[in-house]
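Participant: Listed below are the residues making up each chain.
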Amino acid sequence: MRRAKRMPPGAQAPTAAEQAAEGGQLPGQPLKKRLTTSAMIASLASEGQRTKPAPFGHALVEVAKNRPEVVGMTADLGKYTDLHIFGREFPDRYYQMGMAEQNLMLAAGGMAHEGFVPFVTTYAVFASRRAYDFISQGIVEEGLNVKICCALPGLTTGYGPSHQATEDVAIFRGMPDLTIVDPCDALDTEQATRAIAAHDGPVYMRLLRGNVPLVLDEYDYSFELGKAKLVRDGADALVVSSGFMTMRALEAAKLLEADRVSVAVLHSPTIKPLDEEAILREARRGGRMVVVAENHSVIGGLGEAVAGTLLRAGVAPAAFRQVALPDAFLDAGALPTLHDRYGISAEAMARSMKSWM
Amino acid sequence: MGERTTTLANAPSLEERAYRIRRNALRMGEVQGQGYIAQALGVADVLAAAYFHALRYRPEDPEWEGRDRFLLSIGHYAIALYAVLIEAGIVPADELETYGTDDSRLPMSGMAAYTPGMEISGGSLGIGLGIAVGMCLGLKRKGSDRFVYNLMSDGELDEGPTWEAAMSAGHWKLGNLICLVDVNRMQADGPSTGVLNSEPLPEKWEAFGWHAQRVDGNDVGALVRAFDAARALEEPKPRVIICDTKMAKGVPFLETREKSHFMRVEQHEWAQALEALEAGRKA
Ligand SMILES: Cc1ncc(C[n+]2csc(CCOP(=O)(O)OP(=O)(O)O)c2C)c(N)n1
Ligand SMILES: [Mg+2]
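Sequence order for the protein chains is A and B.
Numbering-wise, the first sequence is residues 1 to 357 according to the working numbering.
Numbering-wise, the second sequence is residues 358 to 640 according to the working numbering.
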């Protein structure tokens, strides 16, 4: 059935016809400031949080200095994926392919055929939904060395479903031989950029761009492709998380300390291939509830990957829960509002976990 | 109340309509402080001519079966469409101040389920024209003589699906399809010719079996003539009106500012922008 139109805000809103009868006059009162969708580019950082600008772009420039075969390619989103930083440094290695994501992927495959290592960027929705076949058959089936780095993964914009890649991991997990990486913060993004450049094979990386929060430098952590790392230990619950949900899980863990709930956080930035060994090792430790937290739909992402791993190994945790986006086309609105509404803010995650204990 | 008609003796001129569309857009832009203002100001004349000269619709019944369909393929231009939907009496004027705020019916990217008069959820660019092809086939099947208008951007000319749809429309001889291309020479990463050159445009569309016109998209008179010609054409061909527009048209200090896909306007500048617009208003 077709989705019904929304009702106007407020019960007594005048109808359009009534407005027209009044001459369609504009309201005279000054505009009230409300929470706005604002930019695509809304930052994930909370007030006062430390951030680093364009960690992907700067890390790629460093990588490319010693690797002349590295090229950058984008589909009219260089400025919005931080690839313009690379473009400024290496203008003759930067390919603006126009807003044509399908052709972008095929051209990247062609470049890789000729021995180059393309880092291609667009938004996650357009790579996963529009260009899937082109990535599958133009790049991955032949094992070509292309790095697909996509901004706006999961729910990182308030623009509505056209830009919210709530199922990108589900889509790409189905593609054989594709490595999937979901870094947490600026440090993770820099290290992951270097690691995927060093890896020979196709990679999909979920990209945080702009002013990216810096969190993991406070922990004993470094990114290793294919490895999950315990960034915090705890006795009551084990959170397995990827992307910025690891940052949220660490915040939620601090909030839960007040309730004497002790939470471990296993950061698993490589979603495929999954570090099953680390996940099973942690899940086997002492009857903890397992909570998988991800910036993605409950369908087909890290949560189901972890659940499958546990079931296949016959490991039954005290309980299994998901902190993830609902299986729905999400609302438009301001990002903090939406993160709270869909349960992936630190506060909402702490509330959920408390109710599950 | 019947079909909107332009024969009302006291109907505002199309220039006045365009002025009011721009004013609505500026008021919405101020709510966010930044956004697709330059696009909305640039395309206002095209929308004025479409909604107050060419289109058949009933403001009080936006889903009236006998309406001409108007598809906004470019979801980010929603601010411009809301501005004209308000002027047309389809969306109440007092919702303007909710633009892009939580739970508004006027989200930053246009979506069918949110707004009266919004036919499709655009925003994933390059999808409008293909949907228009299907609507044209459907209307023909129903024996309807209504038109489908699809408003798209020059950036969308980069997309493969645009040209698949264009070839399909030519093949099916869709005489009920009128495509409007807003050529503002700008895309997300900068000027369109630098991003991906799509010229020569009329020749491309003609080669795909279309009747093509190219007009100054900020000249209301020229737009009216182009709409009339497109609608009157007897040849069974889809029609395209390529509209060359100027970003930020009507607000001189924004017109000359470095052009930007996502324009930042400082808080104190909004009142100045409204004043500058007012100064250019034709009596
Ligand atoms: C399929 C798709 N790819 C990329 C984007 C991101 N994007 C939004 S607007 C835009 C620029 C497109 O050009 P145009 O519409 O002409 O830009 P404008 O005139 O508004 O500056 C891009 C690349 C998108 N919305 N959809
Ligand atoms: Mg444009």
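Careful: at least some of the hints might be erroneous.
[Stated by the list, open to error] Incomplete in silico selection of chain B near chain A, CB under 7 Å:
#: 1; residue: A470
#: 2; residue: G480
#: 3; residue: S481
#: 4; residue: G512
#: 5; residue: G517
#: 6; residue: S525
#: 7; residue: H528
#: 8; residue: V540
#: 9; residue: E556
#: 10; residue: E560
#: 11; residue: E563
#: 12; residue: R582
#: 13; residue: D585
These are computed hints drawn from the structure, not numbers from a lab.
Note that beta-carbon positions come from the ideal geometry of N, C-alpha and C, so glycine has one too.
Participant: Minimum Cβ distance from S525(B) to chain A below 7 Å?
Facilitator: Interface hint status for S525(B): violated (17 Å vs cutoff 7 Å).
Participant: Can you verify the interface hint for E560(B): is its Cβ closer than 7 Å to any Cβ in chain A?
Facilitator: Violated. Min distance 19 Å.
Participant: Just to be careful: measuring from the Cβ of R582(B) to every Cβ in chain A, is the smallest value less than 7 Å?
Facilitator: violated (27 Å)
Participant: Under 7 Å is the threshold here; is the Cβ of A470(B) close enough to any Cβ of chain A for the hint to stand?
Facilitator: holds (4 Å)
Participant: Given G480(B) was flagged as interface, is its beta-carbon under 7 Å from a beta-carbon of chain A?
Facilitator: Holds. Min distance 3 Å.
Participant: Under the criterion of a CB-CB separation shorter than 7 Å, is D585(B) in contact with chain A as hinted?
Facilitator: Status violated, d = 26 Å.
Participant: Hint check: is the beta carbon of G517(B) less than 7 Å from a beta carbon of chain A?
Facilitator: holds (5 Å)
Participant: Should the interface hint for V540(B) be scored as holding, given a Cβ-Cβ cut-off of 7 Å against chain A?
Facilitator: violated (14 Å)
Participant: Should the hint that E563(B) touches chain A count as held when the rule is a Cβ pair under 7 Å?
Facilitator: violated (22 Å)
Participant: Is the hint on S481(B) kept, meaning its closest Cβ partner in chain A is under 7 Å away?
Facilitator: holds (5 Å)
Participant: If you take the shortest Cβ to Cβ gap from G512(B) to chain A, is it below 7 Å?
Facilitator: holds (5 Å)
Participant: For the hint on H528(B), just tell me whether its beta-carbon gets within less than 7 Å of chain A.
Facilitator: With Cβ-Cβ at 21 Å, over 7 Å, it is violated.
Going down the numbered hints, you'll see the structure goes against 6, 7, 8, 9, 10, 11, 12 and 13, while the others check out.
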